[in-house]
Amino acid sequence: MNLHYHVDGDAFIAAGEASSQVKKVLKQLGIAPHTIRKIAISMYEAEMNMVLHANGGDIHVEITPHKICITLKDEGPGIPDLELAMQEGYSTASQEIRELGFGAGMGLPNMKKYSDELSIRSEVGKGTEVEIIAWLP
Amino acid sequence: MQTYLHSVTLRPEKCKGCTDCIKRCPTEAIRVRNGKATIINERCIDCGMCIRVCRHHAKRAVTDPLSQIRKYKYKIALPAPTLYAQFKELQDVNFILTLLRKIGFDSVYEVAKAAGRVTEMSKSLFQSLNKRPVISSACPAIVRLIQIRFPSLIENLLPIMSPMEVAARISKQQAKALGYKEEEIGVFFISPCPAKATDVRNPLGIEKSYVDGVISIRDLYLELLCYVKEVSPETIENLQKSTYDGIQWAMSGGEGKALGIDKYIAVDGIENVIRVLEQVENGTLGDVDFIEALACIGGCLGGPLTVENSFIAKSRLQRLKKHEQKHKQFINSLRDWDLSFSIQWSKAVDSKPVLTLDKDMQKAMEKMEKLDKIYSTLPGIDCGSCGAPTCRALAEDIVRGQAHIEDCVFMLRRRVIEMAQSMVQLSKKLSFPTMGQIKKENEQ
Ligand SMILES: Nc1ncnc2c1ncn2[C@@H]1O[C@H](COP(=O)(O)OP(=O)(O)O)[C@@H](O)[C@H]1O
Ligand code: SF4
Ligand code: SF4
Ligand SMILES: [Mg+2]
Numbered sequence: 001m002n003l004h005y006h007v008d009g010d011a012f013i014a015a016g017e018a019s020s021q022v023k024k025v026l027k028q029l030g031i032a033p034h035t036i037r038k039i040a041i042s043m044y045e046a047e048m049n050m051v052l053h054a055n056g057g058d059i060h061v062e063i064t065p066h067k068i069c070i071t072l073k074d075e076g077p078g079i080p081d082l083e084l085a086m087q088e089g090y091s092t093a094s095q096e097i098r099e100l101g102f103g104a105g106m107g108l109p110n111m112k113k114y115s116d117e118l119s120i121r122s123e124v125g126k127g128t129e130v131e132i133i134a135w136l137p
Numbered sequence: 001m002q003t004y005l006h007s008v009t010l011r012p013e014k015c016k017g018c019t020d021c022i023k024r025c026p027t028e029a030i031r032v033r034n035g036k037a038t039i040i041n042e043r044c045i046d047c048g049m050c051i052r053v054c055r056h057h058a059k060r061a062v063t064d065p066l067s068q069i070r071k072y073k074y075k076i077a078l079p080a081p082t083l084y085a086q087f088k089e090l091q092d093v094n095f096i097l098t099l100l101r102k103i104g105f106d107s108v109y110e111v112a113k114a115a116g117r118v119t120e121m122s123k124s125l126f127q128s129l130n131k132r133p134v135i136s137s138a139c140p141a142i143v144r145l146i147q148i149r150f151p152s153l154i155e156n157l158l159p160i161m162s163p164m165e166v167a168a169r170i171s172k173q174q175a176k177a178l179g180y181k182e183e184e185i186g187v188f189f190i191s192p193c194p195a196k197a198t199d200v201r202n203p204l205g206i207e208k209s210y211v212d213g214v215i216s217i218r219d220l221y222l223e224l225l226c227y228v229k230e231v232s233p234e235t236i237e238n239l240q241k242s243t244y245d246g247i248q249w250a251m252s253g254g255e256g257k258a259l260g261i262d263k264y265i266a267v268d269g270i271e272n273v274i275r276v277l278e279q280v281e282n283g284t285l286g287d288v289d290f291i292e293a294l295a296c297i298g299g300c301l302g303g304p305l306t307v308e309n310s311f312i313a314k315s316r317l318q319r320l321k322k323h324e325q326k327h328k329q330f331i332n333s334l335r336d337w338d339l340s341f342s343i344q345w346s347k348a349v350d351s352k353p354v355l356t357l358d359k360d361m362q363k364a365m366e367k368m369e370k371l372d373k374i375y376s377t378l379p380g381i382d383c384g385s386c387g388a389p390t391c392r393a394l395a396e397d398i399v400r401g402q403a404h405i406e407d408c409v410f411m412l413r414r415r416v417i418e419m420a421q422s423m424v425q426l427s428k429k430l431s432f433p434t435m436g437q438i439k440k441e442n443e444q
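First to last, the sequence lines map onto chains G and W.
The first sequence: position 110 = 110 (my numbering), numbered continuously.
The second sequence: position 229 = 229 (my numbering), numbered continuously.
Okay, chain G solo, but in the shape it has when bound (with noise of 0.2 Å):
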């Protein structure tokens, strides 16, 4: 099955609204817990930084009886350097984002961590597109 979601680049305090709704119906599907809280995290980081760097974009979830896969899709600026960014601690985010307790320079490295596959797509000035992929047992 399929599910579609745009994320709004400002609308900052619905931010996360996605990963949320995707997690609901992962419990409604009976996905085994520790993999819930896997995608969770990857998920919900990968939509962040699209608000946080990308003005938002377009989120698809597949689910199939075998892995999960969520793309997400923007037309922001791109990620000039992809092994820099990946790099743990490392953030171009803006004081005032850092005040609000983003960009600690996390989220990539966490998202490797937390998924199975990751796969990221970038040039500047088009966009980016991530894809993560959880395989089910």
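Mixed in with the good hints there might be a few duds.
Straight-line alpha carbon distances no greater than 20 Å define the calculated EDC-like cross-link-like pairs of lysine to aspartate or glutamate that follow [to be verified]:
id : chain 1 : residue 1 : chain 2 : residue 2
1  : G       : K24       : W       : E271
2  : G       : K67       : W       : E366
3  : W       : K257      : W       : D289
4  : G       : K113      : W       : D287
5  : G       : K24       : W       : D358
6  : W       : K367      : G       : E129
What the hints contain is simulated information worked out from the structure, not anything from laboratory work.
Use these hints to put chain W with the ligands onto chain G, whose structure you have.
Just chain W with the ligands, lined up with the frame of chain G:
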């Protein structure tokens, strides 16, 4: 599944079917059907929210009457520290404990004393756990909430018995040492909430509860008041064994403070707790080692079966802090009684996947797709007229075969209009020839 005995129940004769309660239930456990609220048993966590919001007093907590204690030869009261805060005369905890003796209990074992003991054990247990944040298991409504809505956080729970259980076990041992037989001893918890009553009937993390009955603070309060005049400074018995550390468990922040963990947060009120647990699940809570989470605002002082408002109650308890120095002597007596049993959980707490649409994932997905389709046709204003808390919950009920799309008044109205329109269409098709014929027949 094992049948589940709840303390929170509905009195149908009082229920007006107003739907006030359905939206506030944290597990969406209430539906209004045929004009009356019903509680979906497997979902109810006995938090008592519905008791608080019902204007018609149709929801109530079932607890034991005081008369129940007469069944036992040796009667023990286990007062929750919240009881102390209900009395404006509270200067000295001994005053309340003496009242309990007057009313018919042979002995009193303070839950606050056991809380002191649990605090000590929790400190070392906390150090040995490698999960962070550790979530307190002191509030049974929260443990049940986690079982249903946050199963991935079960492993974060502090696996330790409640002070009530510890108090029940020690006081029973003491009574046996006095020569009473097991069946002669009745241990009664004086409770601020229905969640504790359910916890006695269906304990979590342990095989069986040692509490024989639960009496609500609200019920007992009036009876105790009758004896207030009989207790004078000369007749107050010296019964207190608890310390301020144990007493403060009744208020939000008390357990965390007593534990002395630096990075702790105290969250009270079930809606706030849900928000924080969502954050833990998302891994965004930040640098927190311990979460004290209590379902009631203000902690147990705000329990649904209390009498005094929680702010006054808090101020009263805090005034007891000045006796802290005097209480220190009881710390040693805490250690006198070495526990001859382990107070760690002996049984796993399982998740309760009652929100799952189907055991079979393939079927669950089919139902989810159907649910989404139904949901997209509903108005999405969550008016509650159908008896479900949200449009989404109605869609879920329909998929589960427990409701119909026509339960939605807007859908029903649309259906009626459609039917009326097709009747008109039909009448246009049928009426003329027939009437023509009748006319012709009449003309002949
Ligand atoms: N969707 C995105 N679009 C543009 N830049 C991004 C995106 N996601 C991440 N980045 C860049 O990668 C950096 C590191 O991301 P992350 O590890 O999540 O840390 P943080 O969000 O705390 O800055 C960000 O500071 C940002 O420069
Ligand atoms: S006690 Fe709490 S969980 Fe149970 S029906 Fe009432 S509000 Fe819902
Ligand atoms: S906070 Fe205390 S009074 Fe309220 S439900 Fe939990 S244990 Fe009971
Ligand atoms: Mg980030």
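Q.
Hints numbered earlier in the text: which of these fail when held up against the supplied structure?
A. 6
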